[in-house]
Amino acid sequence: MSTMINEVTLLGHKDHGKSTLIGRMLMDTHSVSKARIDNAKMMSKRLGRKFEPGFLLDSFEEEQEGALTIDTTRAQIKYRGSAFEFIDVPGHEELIKNMISGASNASFALLMVSAKGDEGVEDQTKRHLFLAKMMGIESIIVCVNKMDTVDYSERRFEEIVGGLRPFLSNVGFARNSVIFVPVSAYDSDNISRRSERMGWYRGKPLLDLLVDLSKRRRSSGDKTLRIIFQGVMGAGDDLKYIGRVVSGSLNEGEQIVLMPTGKRVMIERIFVKGRAKQTARSGENVALVLDRHIAGDGRGIVGYGSRHRGVRSKSIDALIFAIGRIGVRAKIRSNGVEHQCSIKLVNGIDTTTGGAAAWSGVRELEAGRVVINLNDYICVEPFAKSRELGRFTIHSGKELVGIGIVNG
Amino acid sequence: MIKQDINKLEEKSIFIIREAKTRFNNIAALWSMGKDSTAMLAIARNAFLGKIPFPVIHIDNGIDFPESYKFRDDLADRWGMEVIVAKSKIKPEISGYSCCGANKTVALKGVLKEYGFEALIVSIRRDEHAVRAKERYVSPRDKNFSWNYKDQPAEVWDSYSSKLDKRGHLRIHPLLDWNEIDIWSYIKRNRIPINPLYMSNNGYRYRSLGCTHCTVPIRSNAKSIDAIIRELETTKVEERSGREQDKEKAYIMEKLRSLGYM
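For the protein sequence lines, the chains are G and Z, in the order given.
Numbered according to our numbering, the first sequence spans residues 17 to 424.
Numbered according to our numbering, the second sequence spans residues 58 to 319.
Certain hints may be false.
As the list claims (entries may be wrong) - Pairs of lysine to aspartate or glutamate residues, derived as EDC-like cross-links and limited to a Cα-Cα distance of at most 20 angstroms, are as follows:
(1) G:K149 with G:D139
(2) Z:K60 with Z:D234
(3) Z:K312 with G:E81
(4) Z:K312 with G:E77
(5) G:K347 with Z:D215
(6) Z:K60 with G:E101
Worth flagging that the hints you see were computed from the coordinates, not collected in a lab.
All of these numbers come straight from a predicted model, not from anything done at the bench.
With the hints as extra help, turn the sequences into a complete structure.
As structure tokens, this is what we get:
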């Protein structure tokens, strides 16, 4: 039987123990081969260090020698009937594009905060939390790590919990969607079993908390039909439109409205995975025969059910995060198509406080509330309503310089 | 090894393969006649309703298994595929790591130059190797085929890179999310023809196929796809344990890949 996999991204400042924790969980759940463990042991020894479980993930020479994660990677574990895919991401500020690449599709997050004297909650810890919330992650487990370096002190744990709570609520995490657990990833304290060294901690060990989260009911999803057109295949009489149903379902014989033009077309035939089907469901890629041709290759068009009035816009109210330099003129990519636009900052958002900031332009590695003006109509909806239609990326030349979500 | 939902995996692969075909004029796929690239071609047939709309490249160093050549010709015929055979010559004085680098990569460079492909579909999976786990779905290579793994483009949500250097190309990785066991579940469900070398013969079978010089079989009695799936459910041995080039020295896969190897 196949298993539903929960994608869990790690978050947190560099050196607070993200890779080490995943390595530890891989070992504690026997999810990794002896050959890989032996290899990680050999590499640790060769570099003159004590065994580093993080080497099960950090596989580049530069990563192992520099003891840092450069790029994102994934590892799967199965535990008590639930399956997880952990996404390791770099914690360095200059590698934030790799962090965002890894974290963008996760369903929940594990935040690492080191309890060690001079570490604690740092700017990058908060920036990662801000980004997680922006990208739609609702639930977080905060691992207060390296408890061995503070003599397993309950006071230090509470100090970190108390220090982080106001920020969490500032960026919009509900109090009951955040769980705190004190751990020592390296020594496996509170990972798969409750640690005897922290008798004051009454909660469950980390892996059990993850199992609980994986069993929470998710919203059943929106029934509104939305199909994003990707392009065409074939030509002439054999022309078919390809696309992906991102919500609702699509039926043969149904009339749909195409946005932004508002034109109506009838679905004559539907193909899913190479076969003719009467219905296509959310998540399926389709090839469609329509009763008439649409101008161009259709890429970027969004189809709605005939009773939907459709949405289109030339001006978008959005929240953006700048990975690189974003000027007033830029391009946004939405539904697979790039559009020239101008971006006007309404107010900056300091990602380390979550609060508004009076900046004159969008700052690198910071966020902002913006108004985006376009020459042509595009089809977007608030992110809270549709994940797929509510998000976009910002480009300058061939570089991705930012991400954005549409405000409601 | 975790069995994932093959329907969900297939949908994402179809999306990625269609993105590649829609966004680039001139693309091709690499086919080693192994299980992964054969499954990928089956997915591409589903994505394009039975007809694969791009050529398929076999990098042939002349020392692949005889079973592989026959399998190639039979399936190419059956599925109506346009196969480009990129010949490379094995030099007896070069072996292992240098051999893969010198032969496969050089032959691939030749074929890309001749046909001018902008993007190549390559059927690597994250669970094969810790270095492959660091890959993007769409990954740029420069004109020397170098993989700049220290500075990969951002890949957010389902927005893939279009960073195409002059004379460089993009590697498209539609199977990145699949596990070895998922490939076999898919082959079984869709009744995909498979290279006979994967089945046990006298107590041995190939789990990962390279050429005759550097691939060794594993001990196994699995004579059917069901038996292979059962074997994978409990194994603790690495898939590429029979591939000599992976073991020579530290960081070998990273070096091979940064030079253009798959």
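Status of the hints after comparison with the structure:
Our distance criterion of 20 angstroms between C-alpha atoms is met by G:K149 and G:D139, whose separation comes to about 16 angstroms. At roughly 11 angstroms between alpha-carbon atoms, Z:K60 and Z:D234 fall within 20 angstroms of each other, so this suggested pair holds. A hinted pair counts as satisfied when its Cα atoms are at most 20 angstroms apart, and Z:K312 with G:E81 qualifies at roughly 15 angstroms. At roughly 9 angstroms between alpha-carbon atoms, Z:K312 and G:E77 fall within 20 angstroms of each other, so this suggested pair holds.
With a C-alpha separation of about 17 angstroms, the suggested pair G:K347 and Z:D215 falls inside the 20 angstroms cut-off, and the hint holds. Taking the CA atoms of Z:K60 and G:E101, the gap is near 12 angstroms; set against the 20 angstroms cutoff, the hint holds.
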